[in-house]
Amino acid sequence: MKHSRLPQIITILVLVFFYLPIIVLVINSFNASRFGGTWEGFSLKWYDRLFHQRDIWFALRNTLVIAVGATVVSAVLGTTAAFALHRFSTRLQRAHYTLIYTPLVVPDILMGMSLLLFFVASGIKLGLFTIFLAHTTFCISYVAMVVLARLQDFDFSVIEAAQDLGAGWWTTTTRVLLPLLAPGIAAGALLAFTLSIDDFVISFFVAGPGSTTLPIRIYSMIKHGSPPLINALSTILLVVTFTAVAISQRLTKEKT
Amino acid sequence: MKVNRKRKLHEWFITLPSFSWLTVLFVIPTLIIFVITFKPSDPYGGIGDGWTLNTLISLGNPNYPAIIWRTLWLSVVTTLVSILLAVPMGYFMARVSAKWQQLLLLLVVVPFWTSFLVRIFAWKVLLHPEGPLKQLLVLLSLATPDTSLLYNSGAILLVLVYTYLPFAILPIYAAAEKFDFRLIEAARDLGAHQLRAFFSIFLPGIRRGLLTAILVVFIPALGSYVIPDIVGGPHSEMIGNKIAQRTFVDRNLPHASGLSAFLTLAVLAPLAAVLMLQKKKGPAGGPLIEEDA
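In order, the protein sequences belong to chains A and B.
To convert, note that position 137 of the first sequence is 137 in the numbering used here; the numbers rise steadily by one, no gaps.
To convert, note that position 256 of the second sequence is 256 in the numbering used here; the numbers rise steadily by one, no gaps.
Keep in mind the hints are simulated off the structure, nothing from the lab.
In this text the structure is predicted, and so the values were computed from the model without any measurement.
Be aware that a few hints might be false.
Below are the EDC-like pairs computed for lysine to aspartate or glutamate, each with C-alpha atoms no more than 20 Å apart in a straight line [claimed, not checked]: (1) 223/A x 180/B; (2) 134/B x 146/B; (3) 124/B x 198/A; (4) 223/A x 49/B; (5) 99/B x 130/B; (6) 125/A x 160/A; (7) 124/B x 42/B; (8) 178/B x 153/A; (9) 6/B x 160/A; (10) 45/A x 55/A; (11) 125/A x 42/B; (12) 223/A x 55/A; (13) 99/B x 177/B; (14) 223/A x 229/B; (15) 134/B x 55/A; (16) 99/B x 180/B.
Sequences are here, hints too, so could you generate the full structure?
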């Protein structure tokens with residue numbers, strides 16, 4: 001049996017390609033050199049300087065406020081949407097499904113631009129609230145997809161058992177279905193949270209004065225600021241997202 | 001009859017929240033793009049009253065064909081390169097043991113969970129004239145000190161592939177994982193060459209995954225804006241840059257709207273094509289995008 005080694009070699013090279021820039025960035029965040037071309041010794045000075053930037057803390061606060069709001073609302077709407085899609089197979093649900101998945105493929109810039117035009121045309125003042133509305137809009141689709149995938153391998157005989165024992169619709173939903181689906185909903189919510197924290201393009205279009213989010217701040221630092229500070233900030237963000245991924249992996253595993 | 005009505009009511013009760021939210025904040029805004037294309041701009045950066053064809057006429061701007069052409073070829077090449085890398089990788093991932101599959105999947109997903117801006121910035125640092133890659137290339141005399149690795153179409157292409165490759169790997173892996181590899185063995189036993197088995201058995205077998213992969217790389221690539229903005233230069237703009245420039249620099253919303261309308265149509269074309277192809281084969285109403293958790 002002769003197997004080509006090519007797929008394996010490509011896989012290894014792609015993984016190196018994926019991680020190389022990230023590793024260089026993390027190393028450079030501890031580099032005393034300003035341009036990062038050469039190693040001038042280990043230093044935490046960029047982290048120290050970062051912690052003294054007040055506007056970054058302000059941007060972080062905005063980001064978290066938006067992310068929490070968008071996560072809560074999209075978790076509720078995405079879950080109800082998934083229930084509807086799973087339970088009924090009517091014409092309405094076919095339209096509903098199209099409505100849920102199209103935002104997943106539309107480029108960010110079109111979503112940002114269309115929402116900007118919508119807010120300007122309807123006279124809604126741009127700011128934190130418009131960013132919250134925009135984020136909730138794209139998060140609903142992701143939550144719905146994750147929860148729907150969970151529902152597809154959900155054992156519905158548990159529900160029937162509850163109903164046979166005399167539980168009503170409300171009791172079955174709140175006491176049986178939701179607790180069992182909690183890990184799936186939590187995984188969807190976590191995805192929504194990270195997507196909201198990470199979004200730049202859509203936020204940039206619908207942001208107003210005073211509603212700078214962390215990605216918007218990072219963008220202006222990339223454009224005009226000092227690279228080592230971004231290295232340090234990026235490293236912190238990497239640690240945070242890696243932790244989030246680890247937690248969500250745990251949640252995913254619990255069910256299986 | 002009564003049960004039926006109750007069922008209908010229940011359906012509406014859980015459909016209405018998401019349905020109305022997305023209608024107001026997704027469908028209507030998308031339609032507005034087309035309406036505002038025919039509106040005049042006002043001097044304060046807003047939208048004026050009345051109707052005009054000015055935007056449509058100014059889309060004939062001689063600079064646009066070059067930008068549209070560049071956007072198109074960059075997106076096509078990005079898709080091709082991503083597929084060429086993702087197919088062997090998906091194949092390999094589907095053939096290793098379950099434990100390795102889990103690990104490889106995680107390794108593919110993690111960079112795609114890290115901040116989008118951070119990843120682009122990491123490449124800017126790497127490709128920077130003072131950066132490590134340039135120094136290495138000069139040292140190996142593969143580049144002269146004044147070659148620029150940044151601010152050109154090549155840099156955009158590299159970062160586009162870097163950003164969208166995971167999106168191609170996931171659906172291809174998902175399809176390959178369901179593929180019955182005994183079919184390849186059977187073909188080989190019947191005397192088919194390794195490559196022949198790969199092209200006429202494996203590739204058709206993962207067709208659905210391939211189509212999804214093409215879609216989820218090509219469409220976002222067409223609309224990319226941040227990547228050409230950060231690693232591209234003034235001579236390598238894409239449509240996304242123009243939309244942003246009209247919005248934030250010129251403050252001409254109707255013009256930005258016209259360009260967005262054009263991009264929307266450009267995005268809908270491949271989407272409709274793939275949906276048609278998917279409808280012909282495979283289970284109707286199956287998910288277009290297979291989410292992997």
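Going down the list of hints, with the structure as the test:
no., hint, in the structure
1, 223/A x 180/B, "violated (49 Å)"
2, 134/B x 146/B, "holds (10 Å)"
3, 124/B x 198/A, "holds (19 Å)"
4, 223/A x 49/B, "violated (36 Å)"
5, 99/B x 130/B, "violated (41 Å)"
6, 125/A x 160/A, "violated (49 Å)"
7, 124/B x 42/B, "violated (38 Å)"
8, 178/B x 153/A, "holds (16 Å)"
9, 6/B x 160/A, "holds (18 Å)"
10, 45/A x 55/A, "holds (18 Å)"
11, 125/A x 42/B, "holds (18 Å)"
12, 223/A x 55/A, "holds (16 Å)"
13, 99/B x 177/B, "holds (13 Å)"
14, 223/A x 229/B, "holds (9 Å)"
15, 134/B x 55/A, "violated (34 Å)"
16, 99/B x 180/B, "holds (19 Å)"
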